[in-house]
Every structure is written in structure tokens, then in C-alpha cells.
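Using the sequences plus the hints, can you model the full thing?
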Amino acid sequence: MAIKVGIPRGLFYYRYYPLWKTFLEELGAEVILSDYTNKHILDEGVKSCVDEACLPVKVFHGHVLNLKDRVDYLFIPRLTSISKNEYVCPKIGGLPDMVRNTIKDLPEIINTEINIRRSEKNMWKAVKEIGSYFTDSKFQIGKAYNKARKVQDKFDSAIRNGRLPSDILNSFQMNNLNFSPGREEDRVNSSSGQRGQSLLNILIIGHPYNLYDSYINMNLIKKLRENNVNLITVEMQDENIINQKTKTLNKPMFWNFGRIAMGTILHMVEKNDIDGIIYLMSFGCGIDSFVCDLIEKRVKRLSTIPFIVLTIDEHSGEAGMNTRIEAFIDMIRWRKKDESNVSALR
Amino acid sequence: MKVTFPHLGNLYVPIKAMLDDLGTDYVVPPFNNKSALELGTKYAPELACLPLKITIGNFIQAYEKGADTIIMAGGWGPCRFGYYYEMQREILNDIGYKMDMIALDVPKGSFKEIVAGTRKLAEGVKKLAGGWNINKILKAAINTTIISCKMDDLERLSFKIRPREKNRGNTNEIMKEFHNKVFSTYGSSEIKKLIDDTGKKLLEVETDKNYKPLRVGIVGEIYTTIDTDTSFNIQERLGDMGVEVCRPVTISGWIIEHILKGGLHLPRDMRFAEAAKPYLGAMIGGHAQETVGNTVLFAKDGYDGIIQIYPLTCMPEIVAESILPSVESDYEIPVLTLIIDEMTGEAGYMTRVEAFVDLLQKRRESKVIEGRMVLSRN
Chain A
1333 MAIKVGIPRG
1343 LFYYRYYPLW
1353 KTFLEELGAE
1363 VILSDYTNKH
1373 ILDEGVKSCV
1383 DEACLPVKVF
1393 HGHVLNLKDR
1403 VDYLFIPRLT
1413 SISKNEYVCP
1423 KIGGLPDMVR
1433 NTIKDLPEII
1443 NTEINIRRSE
1453 KNMWKAVKEI
1463 GSYFTDSKFQ
1473 IGKAYNKARK
1483 VQDKFDSAIR
1493 NGRLPSDILN
1503 SFQMNNLNFS
1513 PGREEDRVNS
1523 SSGQRGQSLL
1533 NILIIGHPYN
1543 LYDSYINMNL
1553 IKKLRENNVN
1563 LITVEMQDEN
1573 IINQKTKTLN
1583 KPMFWNFGRI
1593 AMGTILHMVE
1603 KNDIDGIIYL
1613 MSFGCGIDSF
1623 VCDLIEKRVK
1633 RLSTIPFIVL
1643 TIDEHSGEAG
1653 MNTRIEAFID
1663 MIRWRKKDES
1673 NVSALR
Chain B
840 MKVTFPHLGN
850 LYVPIKAMLD
860 DLGTDYVVPP
870 FNNKSALELG
880 TKYAPELACL
890 PLKITIGNFI
900 QAYEKGADTI
910 IMAGGWGPCR
920 FGYYYEMQRE
930 ILNDIGYKMD
940 MIALDVPKGS
950 FKEIVAGTRK
960 LAEGVKKLAG
970 GWNINKILKA
980 AINTTIISCK
990 MDDLERLSFK
1000 IRPREKNRGN
1010 TNEIMKEFHN
1020 KVFSTYGSSE
1030 IKKLIDDTGK
1040 KLLEVETDKN
1050 YKPLRVGIVG
1060 EIYTTIDTDT
1070 SFNIQERLGD
1080 MGVEVCRPVT
1090 ISGWIIEHIL
1100 KGGLHLPRDM
1110 RFAEAAKPYL
1120 GAMIGGHAQE
1130 TVGNTVLFAK
1140 DGYDGIIQIY
1150 PLTCMPEIVA
1160 ESILPSVESD
1170 YEIPVLTLII
1180 DEMTGEAGYM
1190 TRVEAFVDLL
1200 QKRRESKVIE
1210 GRMVLSRN
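Note that the protein sequences, when read in sequence, are chains A and B. Read left to right, the first sequence gives residues 1333 to 1678 (the working numbering). Read left to right, the second sequence gives residues 840 to 1217 (the working numbering).
Worth double-checking, as some hints may not be accurate.
Claimed, not checked - Pairs of lysine-lysine, DSSO-like flavour, derived with a Cα cap of 30 Å:
1. 1629/A x 951/B
2. 1629/A x 873/B
3. 1629/A x 841/B
4. 1453/A x 1482/A
5. 1457/A x 951/B
To be verified - So these bits of chain B aren't anywhere near chain A, every CB distance computed over 10 Å:
6. 945
7. 1033
8. 1046
9. 1076
10. 1186
Hints in this document: simulated from the structure, not taken from any laboratory. Yeah, the Cβ is synthetic: ideal placement off N, Cα and C, and Gly gets one too.
Set out below in C-alpha cells:
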């Protein structure tokens, strides 16, 4: 019987699931996902985790509880750094230790450290260590990793072309890599926007684990699409443009997400062709507390683009969230409609 | 140019001596106080950690006293402290306080970035020292390190004397006098003499030699543990309750281990990392590893209890907090976690500390009786 490896549907699942799933399945393991986030998972997570942690980390604990009795291994790699000279987040770097010391009676955790802060070569070291749980053959590990890398690259390029990870991942199959339905078609299918409303281009900034978990952000993406909004995310940005823009900062950002968000904003503000910016953050997120403030200052200083911050935690009410989104969208639409009626001579 | 710097416990003592020696004009911001925190809370992002808010308050209050340049250290993550000086620059700029920032930051990145960073750092040092007098700069750096070590020794001594004193309040009086006198000294030699004199005075305090105090280890985030004004003077108050405290994370430790040895790539004292290994396998930033490791070391050393202090939303300490219950049950040592932000009420905070000390007292008594404990309701 195949070894069962559980991947909790939280945090970096939304970024690396195709890579991990392909790699583990190529090595003969059976990958088991936890259920979609639901009330039970959220409640259990909140109950078991320390109060001060942020919402996505609490939800992750809930997913681990959901999985722990049906798998042989839990796959929670320690993501210290996923890009050169940058870190991810202290909480994610310490995640396997948090989980291990909070939840009792766990199956063995695969907690290999992935740290390519100094050199890309460390990635191969980590891959070898993960692979050694399943096979002794380095050749087989290398082959599996290469294949997984290809799938991940395809996934990444589909996202860069405007697809959202949540749309792809829900129907992700290893033998079906057809991520291609054009964004236009997809948007028309999934949106029931009112007729006659123009399409709004809105940049939405947020960690993938907040943005694509429709339970914890209360269907934000669906709601925006229903309002005839074309979503742009930071993952769609070109890496080169981001790097070029972040060079103008006084001090380089040492968080992966911070650099990407900062670069995207600087680019967007300069181009000035979007209708609004939504920043989705979870309460207590250390990185967002700084990045969001820096971005807000930049947007206010350099442009007139409307900007809103939506904060989510386990107590967020859906009604309040809806009101804020609707008000924001209405404000943009009225502005578009009425502002051109105002005389140029003010 | 009038320089100012953020408060961090006794950090102002070595920094003041250094600036005196360099002959730079400076303003010491008012000691951390409520209005500094209120100013910081008003201007800093809501979810930023407490030290950022307090330091912003420090800078605004120093600006009002005439300062126009800030000295601030930096870092390279993942803890938010590394980006502090950028945040402070942006915030102060936005609210119209025009202040220069001298960032003492080890340059990193690509070769080009390192060259640019080194140049910036050198310019900052030159500005601070008023020229390239290497002899003067080195001397000032060495004296700063020595004074910070002496200062920490003095503090440690006060932690030992305070719970044992016969007349409550003697130690506090001496320390208060010391802090008042610091401002009437000039240069490193006078400060050194003052510290030595104060140490002698502390040793003359009448103490109870037979008293065996409870011993409590203080761990947690560096700012809130070192800065007694932020932690509601917990170390002094525990001392007044007759508890001996020990705090392994110190300013001199930070300067020697982190800046000097870290900067020069010398081997560092990693006992805490070794001890933390079974619980926390890697460096995750901040002082999480120190917190977990020192808790283990304290437990092995036979301490009665541990108090962890950190500011709300501090990322590394949240990880440490979720690990500490395991250490607590493995080594049977009680741990109290205290979280500080601008809303923390002093009364509720002290009630928890007092209840914790009572618990430790009861634990010790029940250990003495050993199994012959009688439940009070029987």
C-alpha cells in the first residue's frame, strides 16, 4: 500500500501544491488533502492555536487536525526562505515546531528546511532529504523533482497569464495540465455582473493564503467578480519589472511578499491605469502591518487611485465586509460616472 | 547637527558616553513615558509592534527638544526590526518632522549593493564622529562596549541585592540616584567611575544572608524585556516581592554577540540554540530561539519559574509562545506569558504577576513538605 502523505490545505498550499503533489506522487506516495476550510476547521484551529497567531496560521492548525488521523506523514516543510536574500515570515519558518508542540498525537512530520536565501543549491539538498523518506535512489528523486518543477512552472505561468490559483487548484489533476481557458471566458462564466456596467480593473494585494481561501475571506473574489471587477493580483506581475522598481527603494525589502507587493504598487502607480486597490490583510500579520502602511503612503503620495484595507480575523462578520466592498465599488463607479461632468475649471 | 537615539533600557548610558567622547552634540529623549507611546500610537501603523510606536514617540519628543538627526540600528530580517529605520523615516517625513537618519546597518545583497551600503555606513559614521579620526572612533566604540558590559553587570548585581535587602527600597534608591547622576557626568571615564561607585554602594546594602529567594528567569522579546519602563518595571517589582530575577538577553550581549561577532563572523555563544534544538529546529528571527533555549537552560539550572514578555503581534515570540508549553511540561517549570501593547492595564498585569509569584511560593512549600501536603478544605 502506498504511503499516505497529508498536505494541509492552508498557507503555501496555494503556491506550491502542484510541485509537492507531483513530486510526492512520482515517488509513489499517495497525497491526501485536508477538506476545504469550513467552520469546524476554523473553530478547531482557533481553539488549539495560541491566541496571538494570525488567522491563516490558526486555520492551518485546523487543517492539520482534520488530516492527522488519516495519514502516515504530514508534509509541513519549514519555509525559511524561497528567494535569494529574502525570508518568508518567522511564523511560517517556525510552523512545523508550532504545530508539533501545539497538537498532540501527530503522525511524523516531514519538516525539511527549505532555505535558498544564500544559494539556490540548497533547494536540491532539501529535495533529496524529502525524497529520502520514500526512496533511496537519487536518480528517481531527481527525475520526480524535474517533472514536478515542470508542472509548477506551468502553473506559475498560467497564473502570470491571469488565472487565479483558486480556480486552478480546485480542479487540479496531475495528468490534466490544461490550465488554459482564457481569462475572458472564465470571467464571463463566473461573473453574473449586471449588464451595462463597465468592467473595473482592481488590483488586489494579499498573501495567497488569505486571498484564495474563499472561506476565510468570505468569498471576496466571487463577490468582486459579481460586481464586474477584473481582478489583478501581485502574482501576475513580471518578476523583472518588480525587481527594477524595488531597486528605487531606500532599503531593499527582506520579505519575499513585501518585495513583490512593493514592486507591483510602484509599477501600477506609475502606469496609473487601474481603478482601485484593495489590500486584504489578516489581523496580526507582522509583514502586512509594515508593507500595507508603506504602500498606503506611496499610493496617497503619488496618485489618486482609491485604496481600501480589508482586515480579516476569526471574528470578522460577513455583513460588514460586504458593506465595505460595495461602498468601495460604488464609490469608484460614481467617480467614473460623475467626475467627467465636473467642469475642468474648478 | 543635534543627534538623538531611541531608548532601550540603560542603552542611553553607553550611547551618551560615546557621543560625549566623539564630541557630538546630542539630545537624550525623555525617558519612555505615556505621551511618547500615545504619540507613537497615533502615527505608527495600528498593528506595528510596540517598540516602533515608542521609538517614534522618542524621536518626536527629542525633535521638540531640538534634535535633527537620528541614530538607528538596522537588520536583515525576518524580524520587523530590520525595517524600522525605513518606517520611522517615512512616518516622520509624512507628519512633517524633518530629521536625518544615520542608519548603522551592515550592508548586504549583491556586490554593488554592498559597496553602496558600505559607503552609506561610512558616511554616517563620519558624520557622527565629525571626521575620519580612526583612533577616536575605535576608542569610542571600545569604550561603548565596555560601559555597556559594566552597566549590565551593575543591573545584574541589583537583581541579586534587591530581594535580599533588609530595608525595602534601599536598592531602588541607589539606582534612582544613579540614573539622576548620569546626566551630570561627561565622557566615558566619568561614567565608568559612577558605575563603579554605584556598584560599591550596592554591595554595602544591608542584606539577609540566609534568605533564599525564589528565582525567576525573564525571557522574551529584547525590547520589552530590557526596557523596564515598557514592562511596568517588572524586574524591580519582582525584586521588591523578594524574587531574584535573571535576564540573559542584555544590551552588552546584543552588541558583542550580534554586532561584533556576527559582523566579523566569529564563533558565537550558541548554548541557547543547542538547548532549543529539540523544540525549535532553526533560527526564525528575533529572539525566539533565545526564549526557548534559555527557558530550557533555566529549567535545568533549577529556577522556580519563567516569565515571557513580548509586544503584541511580535512574530517570532508567537512561535516561541506556542512551543513553551512543551518545555513547561517536560521540565515541570511554570511559565507565565505577558503580552504588552498600548492598551495594557497596569493593575491587571500586576495581578497576574503577583498570582504567579504566589503560585511559585506555594509550589516551593509543597515541595518542602514532600507528599505530606494536606488539602486545606479537609
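Now for the hints, and whether the structure bears them out:
1. Only pairs whose Cα atoms come within 30 Å are accepted, and residue 1629/A paired with residue 951/B is accepted, the gap being roughly 28 Å.
2. Distance restraint check for residue 1629/A and residue 873/B: the Cα-Cα separation of roughly 27 Å lies within the 30 Å cut-off, and the hinted pair is therefore satisfied.
3. Distance restraint check for residue 1629/A and residue 841/B: the Cα-Cα separation of roughly 28 Å lies within the 30 Å cut-off, and the hinted pair is therefore satisfied.
4. Among the hinted pairs, residue 1453/A with residue 1482/A is consistent with the structure: their alpha-carbon atoms are about 18 Å apart, no more than 30 Å.
5. A C-alpha spacing of about 29 Å is found between residue 1457/A and residue 951/B, which places the hinted pair at or below 30 Å, so the restraint holds.
6. Once the 10 Å rule is applied to beta carbons, residue 945/B is consistent with being away from chain A; the minimum gap is 12 Å.
7. The claim that residue 1033/B lies off the interface holds: its Cβ sits roughly 38 Å from the closest Cβ of chain A, which is beyond the 10 Å cut-off.
8. Non-interface status of residue 1046/B relative to chain A is upheld: no Cβ of that chain comes within 10 Å, the nearest being about 39 Å off.
9. Every beta carbon of chain A lies more than 10 Å from that of residue 1076/B, the smallest distance being close to 24 Å; the non-interface claim holds.
10. With a least beta-carbon separation of about 21 Å from chain A, residue 1186/B lies farther than 10 Å from that chain, consistent with its non-interface assignment.
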